[in-house]
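**Q** Protein chains in written order, with the numbering used here: chain A, 24 to 338; chain B, 18 to 234.
Since the hints were derived computationally from the structure, they do not count as laboratory data.
All residues carry an ideal CB built from backbone N, CA and C; glycine is no exception.
It cannot be assumed that every hint is accurate.
[Unchecked claim] Far from chain B by the CB rule (all over 10 Å, computed), these chain A residues:
hint, residue
1, V89
2, L139
3, F172
4, L197
5, F334
6, L336
[Claimed, not checked] Computed spacing ranges between beta-carbons, pair by pair:
hint, chain 1, residue 1, chain 2, residue 2, range
7, B, H227, A, A302, 37 to 43 Å
8, B, I88, A, A308, 47 to 53 Å
9, A, A275, B, L118, 39 to 45 Å
10, B, M193, A, S180, 20 to 26 Å
11, B, R107, A, G147, 30 to 36 Å
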Amino acid sequence: MTSRALILQCLQCALVFAGAPLLAGWVEQCRAWFGNRHGAGPLQPYRVLRKLWRKELVVAHAASWVFRTAPYLLVAAMIIAGSIVPLLAPIVPLAPAADAIALVGVFAFARMVSALAAMDIGTGFGSMGARREMLIGFLAEPALLMVLFTPALISHSTSLAVIVRQLTTTRLFLYPSMAFAASAYVMVLLAENARIPVDNPDTHLELTMIHGALHLEYAGRHLALMEWAGAIKLATYMAIGIALFLPWGMSATGSASGIALATGLLAVKMTAAGTALAAIETLLAKLRLFRVPEFLGTAFMVAVLGILVHFLLGT
Amino acid sequence: MPLFAQITNLLAALFLLVAFAMLAQRRIVHLINLYALQGGILALSIVAVGYGTHQESLYLSAALNGLLKVIVIPLILYRLVRRLGLAWNRENLLRVPTLLLVGLVLNIFAFDVALPIAHLAGTINRDTFGIALASVLLSLLMMIVRTTALTQVLGFLSLENGLIFAATSVTYGMPMMVELGIALDVIVGVFILGVFFFHIREEFDSLDLHRFDRHEE
Numbered sequence: 024m025t026s027r028a029l030i031l032q033c034l035q036c037a038l039v040f041a042g043a044p045l046l047a048g049w050v051e052q053c054r055a056w057f058g059n060r061h062g063a064g065p066l067q068p069y070r071v072l073r074k075l076w077r078k079e080l081v082v083a084h085a086a087s088w089v090f091r092t093a094p095y096l097l098v099a100a101m102i103i104a105g106s107i108v109p110l111l112a113p114i115v116p117l118a119p120a121a122d123a124i125a126l127v128g129v130f131a132f133a134r135m136v137s138a139l140a141a142m143d144i145g146t147g148f149g150s151m152g153a154r155r156e157m158l159i160g161f162l163a164e165p166a167l168l169m170v171l172f173t174p175a176l177i178s179h180s181t182s183l184a185v186i187v188r189q190l191t192t193t194r195l196f197l198y199p200s201m202a203f204a205a206s207a208y209v210m211v212l213l214a215e216n217a218r219i220p221v222d223n224p225d226t227h228l229e230l231t232m233i234h235g236a237l238h239l240e241y242a243g244r245h246l247a248l249m250e251w252a253g254a255i256k257l258a259t260y261m262a263i264g265i266a267l268f269l270p271w272g273m274s275a276t277g278s279a280s281g282i283a284l285a286t287g288l289l290a291v292k293m294t295a296a297g298t299a300l301a302a303i304e305t306l307l308a309k310l311r312l313f314r315v316p317e318f319l320g321t322a323f324m325v326a327v328l329g330i331l332v333h334f335l336l337g338t
Numbered sequence: 018m019p020l021f022a023q024i025t026n027l028l029a030a031l032f033l034l035v036a037f038a039m040l041a042q043r044r045i046v047h048l049i050n051l052y053a054l055q056g057g058i059l060a061l062s063i064v065a066v067g068y069g070t071h072q073e074s075l076y077l078s079a080a081l082n083g084l085l086k087v088i089v090i091p092l093i094l095y096r097l098v099r100r101l102g103l104a105w106n107r108e109n110l111l112r113v114p115t116l117l118l119v120g121l122v123l124n125i126f127a128f129d130v131a132l133p134i135a136h137l138a139g140t141i142n143r144d145t146f147g148i149a150l151a152s153v154l155l156s157l158l159m160m161i162v163r164t165t166a167l168t169q170v171l172g173f174l175s176l177e178n179g180l181i182f183a184a185t186s187v188t189y190g191m192p193m194m195v196e197l198g199i200a201l202d203v204i205v206g207v208f209i210l211g212v213f214f215f216h217i218r219e220e221f222d223s224l225d226l227h228r229f230d231r232h233e234e
């Protein structure tokens, strides 16, 4: 492990941790623009986090240690996930520590922690939100695994770093199976990050909430950490999507100029992905909860089709 | 692999995706849009194959298919839907997740069956025969599960798309006379079925074919 790789890893961790709220703010800003509103600017999540951080911490009487430790565990899991994904160069030292399947496991762990914490207090909305979250997770996870298998079959490895290296070094090639996998991935991303066709991120009506109901009992810096973890999760999902489907421009060796170029390109890709996400959210309406299995079933079907087409066409 | 072969493969994959979308689509108007899209993809892929093999007759076939399936038949169907008052009609009794899973199983079956057949063919795009066979089976499934006459006709038309696609992938299309004959048959069929829709509706007050069973007395 060279010192350069170590520096790169630290840089990536810092980038994911500090930059994630900016991405979330940008998505919100785009949604405001598409909805003919002014919006609060892409820096708004930082202001919200500062405000929440200063507020007094209020914890319910019935809360156990599960409730108290959940925000820290969530943020830790998300930072681990964010540092495994190749962001600027496929040489980060932590990348061989976990492959794509272990990454899905990290997300599943985070989901379990947040669901347990929501049920810990014992209020109706919290446990309802937890159950819905588990329902969506149970439907989205197979689809996500199937999506990851297509690039893994093409590059003969489930390690994200190897996949990125394979896709960036070989000549540009039209993979029909990758087009399928990419569209299924977008659907999984929408479901896992509680975006619009599945869940409304800024609803105030508890009965329609899924993700929001998990945070309902939190206040102060706990809430700030939960929001932060959500932003990092969105950024990590986008980073996985970029690494799998648009990896061009990443620095293969990790030289200083390559990293600078990769950072600039990453900013451009993230901005474009955030704008696209806001456009999808503006154009679609929220689905009824009982239509969500249909939505995620379609994602699963498209991902499996990608694998089948890969076997048939042999490309 | 040359670029046009990659494009043919991509178009074949899209063709299959549209076949799945038609299986799961509830609204009739969107179903007609998807049919037009499928026709367009079919015409484009015939053009790609024609370009790759330097066969001018395939351009003619592509033009015929494009004209018929992207413009003429969808227009006739839109008019029928409007006159029957079905514009916002939807079939609610469709269990989409189950259907998609059955479709996937059919798909695996078709890919498996097609592999030895495709090896016998000497065409450049023989790998796409599995996709053609799969979309034929999906159209058959669609005709089985749909309950109204109009959507079953759309399943039939999509079946014909799949057959033309299969012919293109195994033997670079059928002889021109056969293709012209099929085109004529399809368009006459759509006209006759259009007339039938009105008769069915007059007789049974609905296009739902399940009512036929109860009409014995």
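**Q** All hints, please: hold or fail.
**A** Hints versus structure:
The Cβ of A/V89 sits about 34 Å from the closest Cβ of chain B, beyond the 10 Å cut-off, so the non-interface label holds. Distance check for A/L139 against chain B: the nearest CB is about 28 Å away, which clears 10 Å, and the non-interface claim stands. No beta-carbon of chain B is positioned within 10 Å of the beta-carbon of A/F172; the least distance is around 15 Å. With a closest Cβ-Cβ approach of about 4 Å to chain B, A/L197 is found to fall inside the 10 Å limit, against its non-interface label.
Some Cβ of chain B comes within 10 Å of the Cβ of A/F334; the nearest lies about 7 Å off, and the non-interface call is violated. Annotated as non-interface, A/L336 brings its C-beta within 10 Å of a C-beta of chain B; the closest such distance is 5 Å. Our hint of 37 to 43 Å for B/H227 and A/A302 holds, since their Cβ atoms are close to 41 Å apart. Between B/I88 and A/A308 the Cβ separation comes to about 31 Å, which falls outside the hinted range of 47 to 53 Å.
The hint said 39 to 45 Å for the Cβ distance between A/A275 and B/L118, and at roughly 41 Å that hint holds. For B/M193 paired with A/S180, a C-beta distance near 49 Å fails the hint of 20 to 26 Å. For the hinted restraint 30 to 36 Å between B/R107 and A/G147, the CB-CB distance of approximately 34 Å keeps it satisfied.
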